[in-house]
Structure formats: C-alpha cells, structure tokens
Amino acid sequence: MNEAASPSGAGDIADLYSRTLRELARDPAHQGRPASFDATARGDNPMCGDRVDIYVSLDGERIREARHVARGCEICQASASLLTALVPGMTRAETTDLGRRAAGIAKTGIGDDSNDGLRRLSVFAVVHKFPSRVKCVTLAWNALDAALAGVKETSSE
Amino acid sequence: MNEAASPSGAGDIADLYSRTLRELARDPAHQGRPASFDATARGDNPMCGDRVDIYVSLDGERIREARHVARGCEICQASASLLTALVPGMTRAETTDLGRRAAGIAKTGIGDDSNDGLRRLSVFAVVHKFPSRVKCVTLAWNALDAALAGVKETSSE
Amino acid sequence: MDTIIAPGTAATFDVARIRQDFPILSTTVHGKPLTFLDSGASAQKPRAVIEAMTRCLETSYANVHRGAYALSEAATEAYEAARVAVQRFLGAAEPEEIVFTSNSTVAINLVAHSYGRGVLKPGQFVLTSEIEHHANMVPWQMLRDENRGIGLRYVRVNDRGELDLDDLAAKLADGKVGLVAVTHMSNVLGTVTPAAQIARMAHAAGAKVLFDGSQAAVHRHVDVAAIDADFYVFTGHKLYGPTGIGVLYGKRALLDAMPPFLGGGDMIGSVTLERTTYAEAPARFEAGTPPIVEAVGLHAAIDYVTTLGMGAIEAHERALVDHAMAVLPRIEGLTLIGGAQDRGGVFAFSLDGVHPHDLSTYLDRHGIAVRAGRHCAEPLHARFGLEGGTTRASFGLYTTAEEIDLLTVKLTEARKFFA
Amino acid sequence: MDTIIAPGTAATFDVARIRQDFPILSTTVHGKPLTFLDSGASAQKPRAVIEAMTRCLETSYANVHRGAYALSEAATEAYEAARVAVQRFLGAAEPEEIVFTSNSTVAINLVAHSYGRGVLKPGQFVLTSEIEHHANMVPWQMLRDENRGIGLRYVRVNDRGELDLDDLAAKLADGKVGLVAVTHMSNVLGTVTPAAQIARMAHAAGAKVLFDGSQAAVHRHVDVAAIDADFYVFTGHKLYGPTGIGVLYGKRALLDAMPPFLGGGDMIGSVTLERTTYAEAPARFEAGTPPIVEAVGLHAAIDYVTTLGMGAIEAHERALVDHAMAVLPRIEGLTLIGGAQDRGGVFAFSLDGVHPHDLSTYLDRHGIAVRAGRHCAEPLHARFGLEGGTTRASFGLYTTAEEIDLLTVKLTEARKFFA
Ligand SMILES: Cc1ncc(COP(=O)(O)O)c(C=O)c1O
Ligand SMILES: Cc1ncc(COP(=O)(O)O)c(C=O)c1O
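Protein chains in written order, with the working numbering: chain A, 97 to 253; chain B, 97 to 253; chain C, 4 to 422; chain D, 4 to 422.
Pulled out of the complex, with its shape left as it was, chain A reads as follows (with noise of 0.2 Å):
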C-alpha cells in the first residue's frame, strides 16, 4: 500500500544499490559462455525481458565451474554473480537448498549469518522492501535448478 510503504523513501534506494550489490553486478569473474560444460538453462522473465543463462561443469555429482551470462538489472546481474561464485563445490541437493534461502532472505528481509554463503546472499535482504523486484534476485536460481534438472527454459513469473 502507497501509505503504508516506507518514509523514508529516496534513502532506501541507496541501501537496495549498496556498494557490495553493485560490485557483485559488475564483478567480471564468472561472466561468459565457457568453451565447454554439461549443463545449461535459460531463466526468462517475460514480462521485463531478463534473461539469464546458466552454465556448469560438474565433477561428478559436484559442481565444478558455473558462469552465467546475463542480460539484466543489476540485481539480477548480482544474483547470477554472487551464484556462480558460490554454488562451485555443491551438489544439486545443496543448491536447491540455497537457492530456496536465497529466495528468502529477499522475500523476508531477514538475513542470516549461519555460514558465510548465506551471510554474502544477506545482501539481497533488502530486496524484500521492492516486491516486484524479488524475482531478479530467483531468476538465475531458477535456471541453475533447471540446468541441473536437464530442463532448458524457465522463468521467474
């Protein structure tokens, strides 16, 4: 509801761009289409035009290497950074999991410290006061999931 919504106004913009999320956004680390890899999808948000793909290379049932090329918003390029820099090591089990966390830290507002991944996602925290906005932080969560369940498309609508 208009009134309801924060007084604060213009101030909360700067803590939803805050200095860690934009870093994430432009960091070049994990950008790019690899040579070679075993998995991709494509997450599409239809009604903004998002679109972010998502490809891993696995060792075994373990994630190797994800990188991801996004065409976004900066939340969206920061969530897809941020997950390509963390999901190495996991298994599908284990990034579903932080997936569903991810999701809500941004949907809740409420962060979580329990181990570092989780304390780096709690920058999308504040994502929860812009609900239209929770889903550029699922996208590319949606489209990992779907790339290690072998789907092609997906969608955060």
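Estimated spans, in silico, between C-beta atoms of each pair:
no.	chain 1	residue 1	chain 2	residue 2	range
1	B	L214	D	R50	41 to 49 Å
2	A	S153	D	R151	41 to 49 Å
3	A	K225	D	P125	49 to 57 Å
4	C	R163	B	D123	36 to 44 Å
5	D	T31	C	T275	35 to 43 Å
6	D	H206	B	K203	32 to 40 Å
Since the hints were derived computationally from the structure, they do not count as laboratory data. Even for Gly, the Cβ is constructed at its ideal location relative to N, Cα and C.
Model the placement of chains B, C and D with the ligands on the given structure of chain A, informed by the hints.
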C-alpha cells in the same frame, strides 16, 4: 430507479390489468390455428418463454383474417387478441405502421385517438410504467410482421 | 475465520443486524420496503465489499504484474491475495489452481475450449445433465456441434428433481465419457447434487469431473479436495461480490496439461512473430488486464461470508427452506417444482391461472422481487412440462422468515386478483 | 456533450482543478506526492466513476435482462444506457453494434474466434503488424497455428516507428487478406496510425479491418464511421473507467453474420437438448451475467471525458507531447524509441547504463510511477534491438508539464546514481 418509481404502489397494478385488457386477454374470437392460412410466423421471447403463433389469410395484398395461438402472460395475450381484431383489411405497410405505433404507445405511455384502432391500442399506454413488459405487447406484432415478410421465427428480445 | 460464529449455530445468526450491512436492503420499491427474493440471479452486496473496491480505486489502484512501482506492487499483492482467499475458501491445494475469469459462464467455456478441444479425444463424450443452467449446457453443445468427434450425453433428472444416479452409472458404463460436467446445486429446483459420489463414479469410469458451483458455493461450505473435484466454477456476483469476476478451480496437473484459451498479454512466455510460448497456470489462462478491482471485491465478499461462517449461513438458510416448505405448498393452486431431499433456498413454482410474468409484476408492486421465466434452464422446464416458465423465489443470507410469510400472503392475494 | 469546453481550447483546460477529481492523485508514495506516468497501462479513476458504481451497488443493483421487477428494470436500463453512451462515443450507427466484453483482449479474441474461425476461409490471411500489443498478435498466431489454412502476415514498421504503408499495400496486393488487424495507437511508440487510410486500402483489397483502439480511444476523438472501421475495440480501465469491461464495436452486418463465441445464458434463442438457436447481436456475444456495475462505471467515465471534451483532452495532451519532445531528448544518454509524426502521450526510451527495471525502482522512490519492460510488445522491442526492454512514461488527461519536468530531473539524477 427504485426511488424514482411511482409512489402509488399497488394502485398501478389495477391500472395495468384493466378490465379492457383482461377481457381482451380472454377473448376467444380470433384464437386457434385455422385449417388453412397463407402465412404464419412464431414470436418467441427466450427469457420468459412467451410464444405467439400468428396465422394470416390474404386477399391479394390485404389481410382477410388473422388468428393467434398465444402462450404467454395477459398482456401478451391481450396484444395478440387486439392485433387479430384490428388487422383484417390492412396491407403489410399498414400493419407495420400500426405495430410501430402500438410499440410507441407502450413505450411512451402516450395514447393516440386519431382513429378507432389507435384508441383501442391505447389500453397498452400504462405498460410504459412497467418497462420489462413492453416486449409482451410487441411480440405478436413482430410475429405478424415476420409472417408477412415470409420469415418463420422472430423474437421480442 | 469461522471463529466469530461457530458453524451451525444459527441461533447466533442475527439476521436483523446482518441486513444492516447491505445498504440496498433499506431502500424502498414502489413505496414498499424491498423484499429481495432473487438472490439466485444475483446477490446484493454488503458495505464491506463496496468499500473495499472504493478504497482500492481511491488509494492503491494500478495495473498488476507489470510495474516495479509501489502502486502496481500494491495492486498485484491485492490481486494475488484474492487468489489465496479463493484457494482457502474452496480448500484448493495451491493458489496456482485458481484462475480468475469474468463469470461462471466464461469459466465453463474455458474448460470446454482448453480441456474439451485440447485434451479430450475424438470418440469421447461429455456427460452433462437435463438439470443444468444453459451456461453448463450450451458450451458442450457447441463442442459437440463442431464435429470433432466429441459427443454429448445427458444424465436424466427424476420427478423429484434429482439427478438419476442409475442413469449416470449407465451413461458412464462404456468408459467413453471423458468429462462429467454437472451442477452442484440447481438454480431452479434448489437440488444439491451428491458431488463426492458423482466424482467417485466419474473417476471410477476414467472420467474427470467439473462442478458448476455457481449456486452451491453461495449456500454451502465447499471443499474441492473433499469432493475430489477436478474442476469447480463459481461466479462472484452471486456470492455477494462484484460482477465481472468468476473463478475456475482446476487441479494443477490438469491445468498444466491444458493449452491456453485466449491469447494476449500476461499469458505468454515469450513472443516472436513466428512462435509464442505460454506462461504456466494460472497466468496462461488470464489473458489481458484482469478484473483487478473485482478481485479485491471478491476477496472482501469471501472474508464477509467466512466471518459469518458458511456453516452458520447454511444453517440459517436451512431453517428458511424448512419454513418455505411448510408454508408455500399450503397456498391454493401453487405447485412447487421438484422436491429433492437435499436442497438449498431456491423455489420455482407455478400458480394456477396466473402467468409467472404477471405474477412477478404483481409482487414487484408490493416490493417483492422474484424472477419469472425459465431461468436459463429451458430443457429443465421442458422436462417438467413448463415451457411457459415458472416463478422463482431464491434466498440469500439476509433473507428472513417474515419475507417468506409476506410472499405467501401476496401470492394468495395475487391468485384472487387474477381470478 | 462537448459544450462545456470547446474542443481544442486547451487554455480553458484547468488541469489543477481536474486533478482534484481523482482521489488517488493526492496520495503520496514513499512520502512523495504521486507522479503517475503509467496511464498507458491503466488510468486512474475520477470520483464520478467511483461514485456511479457505488450508487448502483447501494441503490439499484440486480441482474439484468431477466427480471420483471423494478430493480432489475433499473439495472437493465442502466446497462443498456451504457451501450448507447458507447455507441455515441464511437459514432456507431446503432447500439446493437456495441458488444460488451471484459477487456480489449477478450474483444479481439472474440473476433479471432467468431470472425476468424467462422467467416474467414482457408487460403485467406490475417494481416497484423510488428507494432502490435500481444493482445492483437497472439490471438492471430493461435488462429494461424490451428492449421485451418488461415495464414498470418505482418506489416513492417519503419525506423520512425510508423507502419510502412508501402509494405501494407504490398501485403494486400494479392487479395488474399481477409482481415487487417492493426493498432490505432501504439502503446510503446505513441504512434497514431492513419486509420482512415488503412481502412480504405484494406477495403480496396477486399479485406475487413479491425483497429485496436485501446490507446487511441483514450487520447483522441474516435469516429468509427469516419474512419470506416469494421471492428473497433477498446478497454474500460484505460479510459478512466473500471477494470472488467471492454468494448467491441462491429458493423451490424458483420456481427449478424458471425457465429457465437461463448455459450451460456442470455445469448440463446432457444435451447433444447438437441439443438440451440442463438440470439441476435449484441446479445449473441454476451454470454452469462455481464459486467453490470462496470458498464455503469464506464458510462460515467465516458460522460466524464466527453464533458471535458475529447478535443480539449487531445489538445492538452498535444501540448504535453510537445513539451516532452523538447525536454526528454536533451537528457544525456537518453534515446527515445520511435519518432512518429503523429503521436500520443506515450514515450518509451532507454537510458545509457541504467537498466529499465533499476530506473523504474529509482523513480518510484521519488513518487514517479513509470513502467519498465517490454510492455506486452516483444516483437516490437526485438525490431528495435531492445530485447532487454525499455522504460515508458505515458500521460493521462491529468498529467502536467511539471510532472514531465520532474521526470526529467530525476532521469538525470538516476543516470548519475547508476554511473
Ligand atoms: C494497444 C493495446 N492493445 C491492447 C491492450 C490490452 O488491453 P487489456 O489488457 O485491457 O485487454 C493494451 C493494454 O494493455 C494496449 O495498450
Ligand atoms: C447454476 C448456474 N450456473 C451458471 C450460472 C451462470 O453464472 P454467470 O451468469 O455469472 O456466468 C448461473 C447463474 O446465472 C447459475 O445459477
């Protein structure tokens, strides 16, 4: 609108169901399917189930006799009855005109006594206070028009 | 939500106080207090519904699903909250099983198109019944008449106005029925059909089942999981909510397997000039700008009836039905149509020597609103030899025994007037 | 109705006073006054519309077309009066040419089903364009993909965002196009298309023409007779009216020749178990309980805009467009999409280095509501190489030059913020 409706309440009911109208509704004079006829059509009101069959015998361009079989409310029956009494001797152009005037009287409440037929049709002037009943007056006239035009079915909706 | 009044405790159902929630009930008609006995056609609205819609329009309106700004987020939240309210109201497993349409008619047409044309196979049949509202008959006739090889069967209705379950069994027996589509409560006879049993029979014969709950959802607590409905539809305006909104419940797996019905915005995955992919249910079935404010109104209506308690409403109405069953048949010349064991507050009747249309005009001049005609159920009227129509009185949660008594008096007077 | 303010006399168009008619415009968002620049998605509602709906619900609500009692007669009269208001608003010859639907999307789907499947013949084509909203593209793709032998062609759009009329001529040349279905004003580019000329070209090639007037009818005086449209559609919620209602205008002879679309109550002639006949237009196309209260609201909205004068609204908006065209392109890094000669108050743009979604969030925190995305026009965005979407500001009759200036300032700030 409910507030704008006539404050006279149930009084109107007796106006609508005048002695003249009720006698017309019961008048057996032109009722029943004739053994032979030149044209016929059926008027149906799908909402309430009223149905009027009109049968006409012709003398060249002019109606010799008209009869009706009406399954409907008293207004519908009275209208069919008066119609069959009035139209003998008329051409299609004349009955179409008379039908339009009958509808006009029922819709506007403005009677007309420029001739005997119109004077008799003025029994339906009160119907304008009951907008949903106007089509009970017009059903038979529509059927007659359809019969003379060679159409088999019509409706007052 | 049932906490204010425990289900079934009609004693605490203070109808005089409840009537004050409905602004229109204190207006007059032709100088007489309004006695509204046509809730079966459309119900009146409590202030809570009207105010929820006004508030939405005055303070938080915008298009949904599309904007990353506060008003649009608020409208989207309100719209999706309405979906969750409907999900809970019907006992559905997930909000994604609730599709908003514009009324029951469109909901049934949606199933006729997407399931009927998209999933049923040539050689299969739809099984509906003689008792149906045209909304649950004409769409299936249209499907039959398209010559896709999909046939149509009708379950007979017995003289009491109940579905003939032996006939239902017989018509399911060859296993060719793909979909049973029947009403959960007749809008003419008041008959409540044994939905759980019908669903069991349909499922045993390999068919899915759709219930037209347009009337039932207003008068009874409905639990789609308990009756194991595959599809369930109802319409907002009969449930004390706005016009312009209806509901289709469909089991998730069924909706997921159905092709879209209408094309447009909000139902797509991606669009190119050559090829379009579609969104998942329920978005796939909600093309274009949805009834946003109407969803807010429906939500308020559901909150209203669940706060009163569907059990309490049912008990109140059962008492009214018992009263009507006691007094109406005593009126000379009056014949009630149907006499089902399990029935809701809908009574269609004929009165000797008085045409329904004339009767309804007569009653109107005494402030009493009833309906005359065939109530969008021509085949049912034909079945009972009443092609000329009937007069119908139907009750809402605000109906009182005094109103039924007034009707009784005026029916007797009408018979004299038209003698 | 144009008497209060003569068309074109923008000087007498007192926007400050007019804004007071819209309750939501005096609310705040994130502590800032609301600057609503998303009217293209859905417009805000004047008090007159909200009050007309409330009054209907509180004093004269009942189902229409069905009751011989005062409330139902009043509701029926109000519903049919709304039809006449729409007829006059569009310059249609008869009220029977106006069909109420639930929005533009359903109106176009109705034509795609009834005319597309019922009247067009195998070997014929529908000709739409690259500029369309999905609502006027996906229904035709669905028709094409049903393998009935009905093809689909697209008119190209030039770099200014105008329909390429040479291409239109070329695609009509073989006489195989049965229906041209194009927008009367783009919801992304603001382009107003030369409707009369398109209709002439279509008719000369033996095709009928449908205009999607969802945007045009809001910003311009539309006269379906003058442009010789065969079908014309618009949607209530963009015309300052309620959600849940839309309009299809169709020439009488065309509607008369079209089979029904949805089956149910109110659209029938007679129903038996074996055979059903259908009512005449418009009833044939209005199955089920229609958007009664929404029709009342739409009527009030039409009265509201015609009292202001569509000419005056157009003049006011033209001044806003001129202002926007002067100030927006001066913003560093801003690229406007399209630059049609004839355009309405809709501006889609990209801002270097700022994603539309981030921009829209930024503006929202300053009270400014704009839309980010592809605005249900993916192929158009692809055509301009903007798959990632654009930001769109769109104006209503209540928009002011000051609001555009505020937008300008905040766009410049946003660019710095995201640098
Ligand atoms: C040009 C155009 N056509 C069609 C539509 C669809 O309107 P609705 O969503 O009300 O059906 C819109 C609005 O979204 C539009 O701008
Ligand atoms: C049993 C039944 N089914 C369907 C309908 C159709 O509802 P709507 O007109 O809202 O689509 C009605 C009401 O008219 C009804 O009583």
